[in-house]
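Novice: Using the sequences plus the hints, can you model the full thing?
Spelled out, the chains give:
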Amino acid sequence: MTNESTDQTETAPEDDLSSTIWPQVDRALAGITARGEAGRIDLIVHVPRDEVIDALRRLKTDETLSFDYLRSLTAVDNEDEGMDVVYHLYSTTTRHNVTVKATLPNEDLSLDTATPVWKGANWLERETAEMFGIRFHGHPDPRNLLMPEDMTDVFPLRKSHPLAEIEILQGEGMGYPEEGA
Amino acid sequence: MVTEPAYEFETQDILLNVGPQHPSTHGVFRMVLSVDGEVVRDLVPHIGYLHRGAEKLCETMDYRQGIGFMDRTEYLAAFNAELSYVMAVEALTDIEVPERAQWIRMILCELNRLSSHFMFMGAFGIDVGVFATPFIYAWIGREALIDLFEEVSGDRMMFAYFRPGGLAWDVPRNFKQRVNEALVVAEQGIKDFDTMLTENEIFVARTTGVGKISAAEAIDWGMSGPSIRASGVPLDVRRDEPYLMYDQVEWDVIVGENGDVYDRYYCRLLEMRESVKIIRQCLEKMPDTGPIMPEKMPRMLRTAPGEVYVRTEAPRGEYGVYLVSKGGNRPHRLKVRSACLANLQALRDMSVGQYVADAIVVLGSIDIVLSEVDR
Chain A
1068 MTNESTDQTE TAPEDDLSST IWPQVDRALA GITARGEAGR IDLIVHVPRD EVIDALRRLK
1128 TDETLSFDYL RSLTAVDNED EGMDVVYHLY STTTRHNVTV KATLPNEDLS LDTATPVWKG
1188 ANWLERETAE MFGIRFHGHP DPRNLLMPED MTDVFPLRKS HPLAEIEILQ GEGMGYPEEG
1248 A
Chain B
3 MVTEPAYEFE TQDILLNVGP QHPSTHGVFR MVLSVDGEVV RDLVPHIGYL HRGAEKLCET
63 MDYRQGIGFM DRTEYLAAFN AELSYVMAVE ALTDIEVPER AQWIRMILCE LNRLSSHFMF
123 MGAFGIDVGV FATPFIYAWI GREALIDLFE EVSGDRMMFA YFRPGGLAWD VPRNFKQRVN
183 EALVVAEQGI KDFDTMLTEN EIFVARTTGV GKISAAEAID WGMSGPSIRA SGVPLDVRRD
243 EPYLMYDQVE WDVIVGENGD VYDRYYCRLL EMRESVKIIR QCLEKMPDTG PIMPEKMPRM
303 LRTAPGEVYV RTEAPRGEYG VYLVSKGGNR PHRLKVRSAC LANLQALRDM SVGQYVADAI
363 VVLGSIDIVL SEVDR
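Chains as they are written, first to last, in my numbering: chain A, 1068 to 1248; chain B, 3 to 377.
FYI, nobody ran anything at the bench for these hints, they're computed from the structure.
Note that the Cβ used here is the ideal one computed from N, Cα and C, for glycine as well.
There may be inaccurate statements among the hints.
To be verified - Pairwise CB distance ranges, derived in the manner of DEER restraints:
| id | chain 1 | residue 1 | chain 2 | residue 2 | range |
| --- | --- | --- | --- | --- | --- |
| 1 | A | Pro1215 | B | Phe11 | 33 to 41 Å |
| 2 | A | Asp1121 | B | Thr13 | 39 to 47 Å |
| 3 | B | Ala207 | A | Leu1230 | 47 to 55 Å |
| 4 | B | Gln14 | A | Glu1216 | 19 to 27 Å |
| 5 | A | Asp1208 | B | Lys287 | 47 to 55 Å |
| 6 | A | Asp1129 | B | Gln190 | 44 to 52 Å |
| 7 | B | Glu201 | A | Gly1205 | 22 to 30 Å |
| 8 | A | Asp1208 | B | Pro25 | 23 to 31 Å |
| 9 | A | Pro1115 | B | Val354 | 33 to 41 Å |
| 10 | B | Thr5 | A | Gly1205 | 35 to 43 Å |
| 11 | A | Pro1115 | B | Thr13 | 49 to 57 Å |
| 12 | B | Tyr357 | A | Asp1129 | 38 to 46 Å |
| 13 | A | Glu1130 | B | Val34 | 21 to 29 Å |
Specialist: Structure follows, in structure tokens:
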């Protein structure tokens, strides 16, 4: 069962896209080097990171698509292949869904903010920033959201971060005796 | 000639800290209000007191172990939270859920919506200033439902009853009868609240026109659930993208007009009636016997590489699970889209310009569960 479904995801994309909203998305994103991929539920659109905000704004303002609702914004740590920032968009009028992805190289984990496009991106970007160490240029309020405000050098959701390390760091701060002391 | 001396008083906004441990903050939530007399000029919310890193923990665990963490994110509507998670795992593993299991899931999710809204009614009554009476009344309906959940799952709140593929075990033999009994209590409870609050003069005066948010603003903030429907946006995942058997039952999406606190209350009340309607239809259509799990389930769940974003309509709004797999028996990344986080973001816009006492009412009206906000 596992093997079959693996094959599907690898070979399906190119042909299946005509039945999705990819043609409309492609037209809305004319001039941007976007690449479509058929996801299991929603269409996935890969966009270069320099153009991602432009792409999101066009998807929002395009008359036939009007992706006016930001469902979710997060990141995925792919270790050596960099990090993906993932936007899940929804249109309250046409009820279409699309997933927009931008890959950041590990050397430069930064991206423009999406807060001018959707206000709701504010806290989602703050959370993504503190958890993954991604900087969102132009964010109006780049403080930590869930973590203590001075904990700006620890990124818990990165794959390189072990589960127990935060507790040790907090322990030091609170003056607990060091291990073995 | 005598002239009035021109006095100039310097005024200063006072910072007022509410929380983190305060009954009206529904958990551990802190907000710093900047008040000019009684009027809120600014509001800075502070969250994160309940952050336990559920997303990171799920990455280190087997798919079936993650169910427990979902219960603990959304503890007032744990069935709904589990549902998103197991549906995400099912989407990645291509497991077909038997029909009977889907009906049972749907009944339990709607019952959970009822019990969660009862909790809202009670707590909201206290926020508005009707001390204790609504809370006790809410408990009658909620207790009947929670007893039923305990009979089905073995636990009152942390059910862990849904599994990828179906259910952990079959429901008790008298399930339909017990649901009907609980519904009778719940319907009486809804009627009680309707007579107690809906046309209560003080309640109406206290809530009408307070904490308004427009439809466009609500969409921009990414609000969902009754909080956005009260602003006149008919956004409901159950109808827009039907899952389970929602396309086979008839019900209405309740939409408000003004987007104020009263509408957010009234939308929830009417929604409870719709839930009762849905459950009654489910009980009719649900087969009495049949499998609750597919015949062949692997001992160890392994998913194909891929990603899904599964969303369902929880009582507080859209509960989404973004699951990325690179193969194997553990998620590569699991993200919980919290409805309360998005709703809470709009709190500042709703509260600025209101009285301090009304800011508490506005906070109560979006019905936050802090453990879902912080995860």
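Novice: All hints, please: hold or fail.
Specialist: Hints, one by one, checked against the model:
1. The hinted window of 33 to 41 Å between Pro1215 of chain A and Phe11 of chain B holds, with their beta carbons roughly 40 Å apart.
2. Between Asp1121 of chain A and Thr13 of chain B the Cβ separation comes to about 45 Å, which falls inside the hinted range of 39 to 47 Å.
3. Ala207 of chain B and Leu1230 of chain A have their C-beta atoms about 52 Å apart, which keeps the hinted 47 to 55 Å range intact.
4. Taking the beta carbon of each, Gln14 of chain B and Glu1216 of chain A are about 25 Å apart, inside 19 to 27 Å as hinted.
5. Distance hint check: the CB atoms of Asp1208 of chain A and Lys287 of chain B are about 49 Å apart, consistent with the given range 47 to 55 Å.
6. Range check, Asp1129 of chain A to Gln190 of chain B: about 50 Å between beta-carbon atoms, so the 44 to 52 Å window is met.
7. Taking the beta carbon of each, Glu201 of chain B and Gly1205 of chain A are about 49 Å apart, not inside 22 to 30 Å as hinted.
8. A hinted range of 23 to 31 Å holds for the C-beta pair Asp1208 of chain A and Pro25 of chain B, which are about 28 Å apart.
9. Against the hinted window of 33 to 41 Å, the Cβ-Cβ separation of Pro1115 of chain A and Val354 of chain B comes to about 38 Å, which satisfies the hint.
10. Distance hint check: the CB atoms of Thr5 of chain B and Gly1205 of chain A are about 52 Å apart, inconsistent with the given range 35 to 43 Å.
11. For the pair Pro1115 of chain A and Thr13 of chain B, the supplied restraint of 49 to 57 Å holds, since their beta-carbon distance comes to about 52 Å.
12. Between Tyr357 of chain B and Asp1129 of chain A the Cβ separation comes to about 42 Å, which falls inside the hinted range of 38 to 46 Å.
13. Roughly 42 Å separates the CB atoms of Glu1130 of chain A and Val34 of chain B, a value that falls outside the hinted 21 to 29 Å.
In this structure, the hints that do not hold are numbers 7, 10, 13, in rising order.
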